[in-house]
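Using UniProt numbering, you'd call the opening residue of the sequence shown number 1 and step up by one each time.
It should be emphasised that the hints constitute simulated quantities derived from the structure, not laboratory data.
The model shown is predicted, which means the values in this text are computed figures rather than measured ones.
Beta carbons: idealized from backbone N, C-alpha and C, even for Gly.
Any given hint might turn out to be false.
To be verified - Beta-carbon label-pair distances, calculated as ranges: (1) Pro-217 / Thr-185: 31 to 39 angstroms; (2) Pro-131 / Glu-68: 16 to 24 angstroms; (3) Pro-189 / His-220: 36 to 44 angstroms; (4) Gly-181 / Glu-68: 15 to 23 angstroms; (5) Val-75 / Pro-105: 41 to 49 angstroms; (6) His-220 / Val-75: 17 to 25 angstroms; (7) Ala-107 / Thr-17: 45 to 53 angstroms; (8) Leu-87 / Pro-153: 41 to 49 angstroms; (9) Ser-111 / Val-75: 37 to 45 angstroms; (10) Arg-171 / Pro-131: 39 to 47 angstroms.
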Amino acid sequence: MSVLLLRLAGPLQAWGTRSRFAHRHTDVAPSKSGVIGLLAAARGLRRTDPLTELLPLRFGVRIDQPGEILRDFHVARTLDGRTSMPLTYRHYLADAAFLAAVSGPPALLDSLQQALSRPYFPLFLGRRSCPPAGPVSLGVHDGMLRERLATWPWQAAGWKQRRQRGHPAVRLEILRDAESGDPLTETAPDQAVSFDPRHRRHSWRSVVREHTDIPNPAHHPAPGHDPMDVLEGWTCS
Numbered sequence: 001m002s003v004l005l006l007r008l009a010g011p012l013q014a015w016g017t018r019s020r021f022a023h024r025h026t027d028v029a030p031s032k033s034g035v036i037g038l039l040a041a042a043r044g045l046r047r048t049d050p051l052t053e054l055l056p057l058r059f060g061v062r063i064d065q066p067g068e069i070l071r072d073f074h075v076a077r078t079l080d081g082r083t084s085m086p087l088t089y090r091h092y093l094a095d096a097a098f099l100a101a102v103s104g105p106p107a108l109l110d111s112l113q114q115a116l117s118r119p120y121f122p123l124f125l126g127r128r129s130c131p132p133a134g135p136v137s138l139g140v141h142d143g144m145l146r147e148r149l150a151t152w153p154w155q156a157a158g159w160k161q162r163r164q165r166g167h168p169a170v171r172l173e174i175l176r177d178a179e180s181g182d183p184l185t186e187t188a189p190d191q192a193v194s195f196d197p198r199h200r201r202h203s204w205r206s207v208v209r210e211h212t213d214i215p216n217p218a219h220h221p222a223p224g225h226d227p228m229d230v231l232e233g234w235t236c237s
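Generate the whole structure from the sequences, applying the supplied hints.
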């Protein structure tokens, strides 16, 4: 089995799965439909094109840097020149970073990696106003999806890692496609079926929520301190 790893990080991200119209919320982690859309854009697929090759891919994501929820108030003028100005509230994740993984046939993953290095359409982290902060692909690797998510090095920003330097390891949350025999699964409405704007379709998928401990590369233990050291050699009279 092969796994394509992605680092999804940027100033802003938005991964909505349930909201529409004037209030657009974001989930706390990338959605499967959002990541499939990113891969489709890299390959040059248009919204009306079928997603036949991408739909069977297995998906998982690890929350390496949760970020903060930011609300933006939008005012826009319509193209027809009317005086009405639609109002919308849009929520984003600020300063977040995630490790995403997709598994599938090696040949398909290799072609996706090549497409991510030279994407046909611009890549976005959920919405067009959210470009990634750097290269997305971390390469194709052998192994199981759950194992890679549980062991890959921490992808948080350097300042975030240094802020946790007193901890030798950090506990991170993983959300992944459920496998046969997994207990305590939940459901998510983000299994993309079609992105055609005339008839967008999504279905539900089973998700497993688990945790893993990842070493902190910025770990620096505090120096030992014994307040009695200053009295060494002193005598009482």
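Taking the hints in turn, this is what the structure says about them:
1. Pro-217 / Thr-185: 31 to 39 angstroms: The hint (31 to 39 angstroms, Cβ to Cβ) holds, given that Pro-217 and Thr-185 are roughly 32 angstroms apart.
2. Pro-131 / Glu-68: 16 to 24 angstroms: holds, 19 angstroms
3. Pro-189 / His-220: 36 to 44 angstroms: Roughly 43 angstroms apart at Cβ, these two residues keep to the hinted range, so it holds.
4. Gly-181 / Glu-68: 15 to 23 angstroms: violated, 36 angstroms
5. Val-75 / Pro-105: 41 to 49 angstroms: holds, 46 angstroms
6. His-220 / Val-75: 17 to 25 angstroms: Cβ of His-220 to Cβ of Val-75: about 47 angstroms, so the range 17 to 25 angstroms is violated.
7. Ala-107 / Thr-17: 45 to 53 angstroms: At roughly 30 angstroms between Cβ atoms, Thr-17 and Ala-107 fall outside 45 to 53 angstroms, so the hint is violated.
8. Leu-87 / Pro-153: 41 to 49 angstroms: holds, 43 angstroms
9. Ser-111 / Val-75: 37 to 45 angstroms: Hint holds: Cβ distance 42 angstroms, inside 37 to 45 angstroms.
10. Arg-171 / Pro-131: 39 to 47 angstroms: violated, 30 angstroms
Violated hints, in rising order: 4, 6, 7, 10; the structure is consistent with all others.
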